[in-house]
Amino acid sequence: MRENGLYSKINEAIEFATNAHYGVYRKGTGIPYIFHPFEVAKITTTLTNDEDIIIAALLHDTLEDCPNVCEDEIREKFGERVLKIIEHETEDKREGIDPSDTWMTRKKETIESLKNAPREAKIVMLADKLANLRDIYFDETRTGSDVWDRFNEKDKELHKWYYKSILDGLGEFSEEYAYSELVRYFNLVFGDNYEKE
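Using numbering that gives the first Met the number 0, the first residue of the sequence shown is number 0, and each one after it goes up by one.
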């Protein structure tokens, strides 16, 4: 049984994420954005019971998407380890990334950084990408190819390349259900049968 103090840290992270994303909705939908980090955290719990990783999953988009949230605040409230995991998930916080870089440049750097990312960061990445592909699949069944118009990069084939590269980079999780589900949604969204190169 976990101690109440650990549960209260997760509750604090839930409250922090809810406030940080308040009034924000998923692209092209009326769905409050907070449902996404909740889903990522839930998927993460199928891969680990490490509270820091679950907290990082709840907060994984705060540095990238919430202008009022800074590194020092996360470090003070949740610790250095949680901050480092979040920074691995935050494109413009990685060394060598410029927020003005093209979509392709940023995604290539994400794929490259995945090779040396710590396991805890890969867990959050896996959960995040699974949640994203689930959403894309269900939105595409309702709106068709219009779903791709929501993204900065609208070419579905480039998204296919990116997600395939992420699957390749997360191969160490191939025995996990979350990974097999990511493969399944990749195949459903992109009409392909994923095979690692």
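Some clues are possibly wrong.
Unchecked claim - In silico SDA-like pairs for lysine to any residue, Cα to Cα no more than 20 Å straight-line:
#: 1; residue 1: Lys159; residue 2: Glu86
#: 2; residue 1: Lys8; residue 2: Asn48
#: 3; residue 1: Lys106; residue 2: Tyr161
#: 4; residue 1: Lys107; residue 2: Glu86
#: 5; residue 1: Lys26; residue 2: Lys153
#: 6; residue 1: Lys121; residue 2: Thr47
#: 7; residue 1: Lys8; residue 2: Lys106
#: 8; residue 1: Lys155; residue 2: Arg133
#: 9; residue 1: Lys155; residue 2: Glu175
#: 10; residue 1: Lys159; residue 2: Lys76
#: 11; residue 1: Lys114; residue 2: Ser99
Claimed, not checked - So the derived label-pair ranges between C-beta atoms look like this:
#: 12; residue 1: Glu180; residue 2: Asn48; range: 16 to 24 Å
#: 13; residue 1: Gly78; residue 2: Leu157; range: 16 to 24 Å
#: 14; residue 1: Leu187; residue 2: Ile30; range: 15 to 23 Å
#: 15; residue 1: Tyr193; residue 2: Met103; range: 14 to 22 Å
#: 16; residue 1: Thr47; residue 2: Glu14; range: 18 to 26 Å
#: 17; residue 1: Lys76; residue 2: Thr47; range: 16 to 24 Å
#: 18; residue 1: Lys159; residue 2: Asn48; range: 30 to 38 Å
#: 19; residue 1: Ser144; residue 2: Trp102; range: 16 to 24 Å
#: 20; residue 1: Asp71; residue 2: Asp100; range: 21 to 29 Å
#: 21; residue 1: Ile30; residue 2: Thr101; range: 36 to 44 Å
Hints listed in this document are in silico derivations from the structure and should not be mistaken for laboratory results.
Even for Gly, the Cβ is constructed at its ideal location relative to N, Cα and C.
Against the structure, the hints come out as follows:
Of the supplied pair hints, the one linking Lys159 and Glu86 is violated, its CA atoms being roughly 24 Å apart against a limit of 20 Å. Restraint check for Lys8 and Asn48: satisfied, since their Cα atoms lie roughly 13 Å apart, inside the 20 Å limit. A threshold of 20 Å between alpha carbons decides the hint, and for Lys106 with Tyr161 the separation of about 7 Å falls inside it, so the pair holds. Taking the CA atoms of Lys107 and Glu86, the gap is near 17 Å; set against the 20 Å cutoff, the hint holds.
A distance of roughly 13 Å separates the Cα atoms of Lys26 and Lys153; the hinted pair therefore holds under the 20 Å criterion. The suggested pairing of Lys121 with Thr47 holds, with an alpha-carbon distance near 12 Å, which does not exceed 20 Å. Between the alpha carbons of Lys8 and Lys106 the distance comes to roughly 32 Å, so the proposed pair goes past 20 Å and is violated. Only pairs whose Cα atoms come within 20 Å are accepted, and Lys155 paired with Arg133 is accepted, the gap being roughly 15 Å.
For the given pair, Lys155 sits about 27 Å from Glu175 by alpha-carbon distance, which is inconsistent with the 20 Å threshold. Between Lys159 and Lys76 the alpha-carbon distance is near 37 Å, which puts this suggested pair outside the 20 Å criterion. Among the hinted pairs, Lys114 with Ser99 is inconsistent with the structure: their alpha-carbon atoms are about 23 Å apart, more than 20 Å. Range check, Glu180 to Asn48: Cβ separation about 19 Å, and the 16 to 24 Å hint holds.
Against the hinted window of 16 to 24 Å, the Cβ-Cβ separation of Gly78 and Leu157 comes to about 36 Å, which falls outside the hint. Range check, Leu187 to Ile30: about 20 Å between beta-carbon atoms, so the 15 to 23 Å window is met. At roughly 21 Å, the beta-carbon separation of Tyr193 and Met103 lies within the given 14 to 22 Å, and the hint holds. Taking 18 to 26 Å as the suggested C-beta distance range, the pair Thr47 and Glu14 conforms, at roughly 22 Å.
In this structure the supplied range 16 to 24 Å holds for Lys76 paired with Thr47, their Cβ-Cβ distance being about 21 Å. For Lys159 paired with Asn48, a C-beta distance near 33 Å keeps the hint of 30 to 38 Å intact. Distance hint for Ser144 and Trp102: a CB-CB separation of about 18 Å, consistent with the stated range 16 to 24 Å. Checking the proposed 21 to 29 Å range against Asp71 and Asp100 shows it holds: the Cβ atoms sit about 25 Å from each other.
Take Ile30 and Thr101: their Cβ atoms lie about 28 Å apart, and the range 36 to 44 Å is violated.
The structure fails to meet hints 1, 7, 9, 10, 11, 13 and 21 from the earlier list, while all remaining hints are met.
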